[in-house]
Amino acid sequence: MNRYYWILGAFAALVALLAVGLNLNPRDVPSPLVGKPAPTFNLNVLDTPEKMLGPKDMQGKVWLFNVWSSWCVSCRAEHPVLVEFSKKANVPLVGLNYKEVRGDGNFDMSKMPADEEKKLAFQRANQWLAQHGNPYTLTVMDIDGRVGIDYGVYGVPETYVIDKTGIIRMKHTGPISPDVLAQKIMPLLAELNK
Amino acid sequence: MKRHLLIALFIFGSFFGSTVAFADAATEAATAADPVAEKRLQKLSEELRCLVCQNQTIADSNAELAQDLRREVRTMIKDGKSDKEIVDFMVTRYGDFVLYRPPVKGITLLLWGGPVALMLLGLFILQRYLRRRATRINAEDQPLSADESSRADAMLKEIDQK
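Going down the list, the sequences are from chains V and D.
Residue 190 in our numbering is what sits at position 190 of the first sequence, and the numbering runs on without skipping anything.
Counting the second sequence from 1 gives a position; our numbering is that position plus 1000.
Hints listed in this document are in silico derivations from the structure and should not be mistaken for laboratory results.
Since the structure is predicted, the reported quantities are computational estimates derived from the model, not experimental observations.
Errors might be hidden in some of the hints.
Just so you have them, the derived chain V footprint on chain D, three or more residues with Cβ under 8 Å [claimed, not checked]:
no. : region
1   : 1044-1056
2   : 1093-1100
3   : 1111-1124
Lysine-lysine pairs mimicking DSS-like chemistry, simulated, CA-CA at most 30 Å apart [said to hold, decoys possible]:
no. : chain 1 : residue 1 : chain 2 : residue 2
4   : V       : Lys-171   : D       : Lys-1081
5   : V       : Lys-118   : D       : Lys-1039
6   : V       : Lys-36    : D       : Lys-1039
7   : D       : Lys-1039  : V       : Lys-111
8   : V       : Lys-56    : D       : Lys-1039
9   : V       : Lys-171   : D       : Lys-1039
10  : V       : Lys-87    : V       : Lys-171
11  : V       : Lys-171   : V       : Lys-194
12  : D       : Lys-1084  : V       : Lys-171
13  : D       : Lys-1084  : V       : Lys-36
Positions of the beta carbon are idealized from the N, C-alpha and C atoms, including for glycine.
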């Protein structure tokens, strides 16, 4: 009898282990960038293409950096949350438009010259924001995705919280739900803005 | 019949192999001229995980991100970066997860040591079981006492007489 309890116990432990393992999200890869300075970049601004912007222009402010694209389905799901956020919160929300044209998959990039890709990217990004509302203080254009690599982007949308000294304090991969915003992001913003 | 099936499979397989090769042909042309660089790219790509399709290396995967990362590796090789510099570049951006072979350190100790620990535990249980079994058999294997052997003799005689 004693022995059967032992086996039953071992089995229960195995079930518990698998239950925990299966409930973890394998997409939740901890970012090594949290606690490190935001990688620098210098990219064209969507509204004013003649101007460039980088993280150092945001120095002294707590800001959100949100990676999006018009072809990204989850971005659309997250968009109303961001629009709502931009109405209420007094925190700059900078968009990083990631591979607007070449990420789409519907274009033959080997046949498209760089200036045409750039033009099309601006046009598509503007159109999308006009259609769905623009929550962004401004958006910068990462046309070839190089800045995305520096930020370790692997699944759009992604969102970074960056503090006044330019240190990344949080990274969220995947769409921001109202819960994530209320329970994780807003408290952190309040704390950093103290 | 079986032979035909094998041949069909072979043709099917080589067809797939070639389409994958085609997909990257345009970008490959650049470094293909340099077989040493190409070999390094191949080796490095097999060490790096594609974060989109997580159980593939960036050498196997044709996901967009894998293509971008291969392009980065290619540029770094061209710039004369060492293998370590290239791997470090990936780790500072994507973390240890990007390494197909996780490094041995505090947090991965269970991962690396777990199988060995389980085997040692198994050996320990096996040894304990065998030792107990041996003592039990020894205990049962005592020579018969004088009383028992006289009873056994009596029984055997009874059978012989029948």
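Fill in: Violated constraints from the hint list, given by number and in increasing order
Violated: hints 3, 5, 6, 8 and 9.
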